[in-house]
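Chains as they are written, first to last, in this note's numbering: chain U, 1 to 312; chain X, 1 to 312.
Since the hints were made in silico from the structure, they are not lab data. Do not take every clue at face value.
It does not matter which identical chain is meant; a pair holds if it fits inside one copy or across any two.
Unchecked claim - Distance condition first, Cα-Cα at most 27 Å in a straight line; then the derived DSS-like pairs of lysine-lysine: (1) K246 with K85; (2) K260 with K54; (3) K238 with K152; (4) K104 with K266; (5) K238 with K154; (6) K54 with K93; (7) K111 with K225; (8) K49 with K123; (9) K123 with K225; (10) K283 with K132; (11) K85 with K217; (12) K260 with K93; (13) K49 with K4; (14) K85 with K283.
Number of protein chains: 2
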Amino acid sequence: MSLKLTVLGCHSATPRVNAHPTSQYLEINNRHFLIDCGEGTQRQMRKYKVGFSKINHIFISHLHGDHFFGLIGLLSTFGILNREKDLHIFGPKGIKQVTELQLKLSMSHVKYNIVFHELTSHKSELIFEDDKVAVYTIPLNHRVYTNGYLFKEKPKSRNLHIDNIKQYDEIEICDYHNLKAGKDFMLSSGEIIANEELTIAPEKPKSFAFCSDTMFKPDIVPIIKDVDVLYHEATFLKELEHLCEKTKHSTAEQAATIAKNANVGKLIIGHYSSRYSDVECFKEEAQTVFENVDLARVGEVYTCTTNIPAHV
Amino acid sequence: MSLKLTVLGCHSATPRVNAHPTSQYLEINNRHFLIDCGEGTQRQMRKYKVGFSKINHIFISHLHGDHFFGLIGLLSTFGILNREKDLHIFGPKGIKQVTELQLKLSMSHVKYNIVFHELTSHKSELIFEDDKVAVYTIPLNHRVYTNGYLFKEKPKSRNLHIDNIKQYDEIEICDYHNLKAGKDFMLSSGEIIANEELTIAPEKPKSFAFCSDTMFKPDIVPIIKDVDVLYHEATFLKELEHLCEKTKHSTAEQAATIAKNANVGKLIIGHYSSRYSDVECFKEEAQTVFENVDLARVGEVYTCTTNIPAHV
Numbered sequence: 001m002s003l004k005l006t007v008l009g010c011h012s013a014t015p016r017v018n019a020h021p022t023s024q025y026l027e028i029n030n031r032h033f034l035i036d037c038g039e040g041t042q043r044q045m046r047k048y049k050v051g052f053s054k055i056n057h058i059f060i061s062h063l064h065g066d067h068f069f070g071l072i073g074l075l076s077t078f079g080i081l082n083r084e085k086d087l088h089i090f091g092p093k094g095i096k097q098v099t100e101l102q103l104k105l106s107m108s109h110v111k112y113n114i115v116f117h118e119l120t121s122h123k124s125e126l127i128f129e130d131d132k133v134a135v136y137t138i139p140l141n142h143r144v145y146t147n148g149y150l151f152k153e154k155p156k157s158r159n160l161h162i163d164n165i166k167q168y169d170e171i172e173i174c175d176y177h178n179l180k181a182g183k184d185f186m187l188s189s190g191e192i193i194a195n196e197e198l199t200i201a202p203e204k205p206k207s208f209a210f211c212s213d214t215m216f217k218p219d220i221v222p223i224i225k226d227v228d229v230l231y232h233e234a235t236f237l238k239e240l241e242h243l244c245e246k247t248k249h250s251t252a253e254q255a256a257t258i259a260k261n262a263n264v265g266k267l268i269i270g271h272y273s274s275r276y277s278d279v280e281c282f283k284e285e286a287q288t289v290f291e292n293v294d295l296a297r298v299g300e301v302y303t304c305t306t307n308i309p310a311h312v
Numbered sequence: 001m002s003l004k005l006t007v008l009g010c011h012s013a014t015p016r017v018n019a020h021p022t023s024q025y026l027e028i029n030n031r032h033f034l035i036d037c038g039e040g041t042q043r044q045m046r047k048y049k050v051g052f053s054k055i056n057h058i059f060i061s062h063l064h065g066d067h068f069f070g071l072i073g074l075l076s077t078f079g080i081l082n083r084e085k086d087l088h089i090f091g092p093k094g095i096k097q098v099t100e101l102q103l104k105l106s107m108s109h110v111k112y113n114i115v116f117h118e119l120t121s122h123k124s125e126l127i128f129e130d131d132k133v134a135v136y137t138i139p140l141n142h143r144v145y146t147n148g149y150l151f152k153e154k155p156k157s158r159n160l161h162i163d164n165i166k167q168y169d170e171i172e173i174c175d176y177h178n179l180k181a182g183k184d185f186m187l188s189s190g191e192i193i194a195n196e197e198l199t200i201a202p203e204k205p206k207s208f209a210f211c212s213d214t215m216f217k218p219d220i221v222p223i224i225k226d227v228d229v230l231y232h233e234a235t236f237l238k239e240l241e242h243l244c245e246k247t248k249h250s251t252a253e254q255a256a257t258i259a260k261n262a263n264v265g266k267l268i269i270g271h272y273s274s275r276y277s278d279v280e281c282f283k284e285e286a287q288t289v290f291e292n293v294d295l296a297r298v299g300e301v302y303t304c305t306t307n308i309p310a311h312v
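Chain U with its partners taken away, still in its complex shape (with noise of 0.2 Å):
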């Protein structure tokens, strides 16, 4: 499984008993990205299991509380827990002199390096790039900069088809790093032996987008084209709708659009507002747009289990 999201938190505003507010882990092709990080998502990540150490990325879209109050308290937390390796913290400006301010006063000496990699751009953006995973920025629109994040696997190795390639003496062990980058075989012959006989196509790489908090913005459909999963936010129901001018909120139905005409897999939607105590209404709603929902809840685990490979 290369896909795997745990919401720690799926409500607005104000945290409440039974209300967090935002906060994701991912973990995409072995890496592992705490998204936003609203008040008490380290006491989240401790009761939904989620490792400490395993993070070291955090991507904050905005600076609103719901957001991002949690953050100080988890690097206060890593650094009583000893932590030593780098910690990359993507957010829009301030996020340094805010955070560095607080650990000043609280004289929190934490041995562990921050890297801030602020955000000011309004266009999309490549932020973070390794050999298993790239993100970029999804410029949203909301009334603080805001941007959502798109996590791409890098497309995979093709996996070795060991059966037919004993066929061949002469296909070696140092030949297959070759092979798994799709090259053809040419046998001492002259022969070629087309790559698809040696290999296996790999899955697709996955994909998911974070897109909270934002009205509707529909250019943000070719950055998310054809991801795997959404997360958008559906702040309110249609019958509010005037809300979300004010607000720079979503609804349902238009969450949905957003997914029906990026084509995605799946839509997740969350960041209920506290007015709503039932949200299978929202569900409902998007569902006529576009089919594959879920609803976010706190502790629920998603997985993409798509497994259609790339190419054959």
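Guided by the hints, dock chain X onto chain U, whose structure is given.
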């Protein structure tokens, strides 16, 4: 009942699933105070039915996260709840800068006025006073600048002994004010009726001292002498006393020694280190020195039920 303490959190260091950092809600003589505000305090306030609108004064002992990181979230929530009343915050210098920076970055345009009372003195001082209550600092010794707080009810008026008053036709309603203030009454004959015959002594004014975090600091004893209830941290047991010097905390025995020397009515201990899963041993250790000890437990309410007249 004039003194009621609700423990919202009583653990040290990091929030965990069933361990909440320091916060207490004190009701004293119809005043409502929040003392310290670790991460998750607003959730605990909701859980234990602490009315948000009753809080007009918040006292922060020091700027370590387990006493302070929940403040900004609470202030933001006050804003979301459309608070308009002034809010007074008492705490170490720096609290204004960091709070205002966070509010600015999150563009939380709260409608109410936050009045900061930044503390820098190393001597006990009167920091709040009205007709019901006075609050004094208790300088403590921790790794950062720290104050405890002493809450003292103002002496109450004497209660009218209506049956006895009715024996004297000359005493009119307009005289009651003087009687409540303890004055004798002179009849037109020149005879003096002693106040004690016409009134009943009020309850002794209650007092509560909050002392966390601190290493053993005997010079606070004169400040907290004879308080009804003392909350004193006890992070470690005596067997780990050597850690107290390094971390500037106290043992249960040390807390009890302060309680004994200050002749307090009751000692409540808390701020347990996370290394102790069972905290009964803290009570046992403290009771080797001072008998009337309670363990702070999250969600518990401690009332001061002593009903001793102040004087007769």
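Evaluated hints:
{"no.": "1", "hint": "K246 with K85", "in the structure": "between (42 Å within a copy, 25 Å between copies)"}
{"no.": "2", "hint": "K260 with K54", "in the structure": "neither (34 Å within a copy, 47 Å between copies)"}
{"no.": "3", "hint": "K238 with K152", "in the structure": "neither (31 Å within a copy, 54 Å between copies)"}
{"no.": "4", "hint": "K104 with K266", "in the structure": "neither (43 Å within a copy, 36 Å between copies)"}
{"no.": "5", "hint": "K238 with K154", "in the structure": "neither (37 Å within a copy, 55 Å between copies)"}
{"no.": "6", "hint": "K54 with K93", "in the structure": "within (25 Å within a copy, 36 Å between copies)"}
{"no.": "7", "hint": "K111 with K225", "in the structure": "neither (41 Å within a copy, 41 Å between copies)"}
{"no.": "8", "hint": "K49 with K123", "in the structure": "neither (35 Å within a copy, 45 Å between copies)"}
{"no.": "9", "hint": "K123 with K225", "in the structure": "within (16 Å within a copy, 64 Å between copies)"}
{"no.": "10", "hint": "K283 with K132", "in the structure": "neither (33 Å within a copy, 53 Å between copies)"}
{"no.": "11", "hint": "K85 with K217", "in the structure": "neither (37 Å within a copy, 37 Å between copies)"}
{"no.": "12", "hint": "K260 with K93", "in the structure": "neither (32 Å within a copy, 53 Å between copies)"}
{"no.": "13", "hint": "K49 with K4", "in the structure": "within (14 Å within a copy, 37 Å between copies)"}
{"no.": "14", "hint": "K85 with K283", "in the structure": "neither (41 Å within a copy, 39 Å between copies)"}
Violated hints, in rising order: 2, 3, 4, 5, 7, 8, 10, 11, 12 and 14; the structure is consistent with all others.
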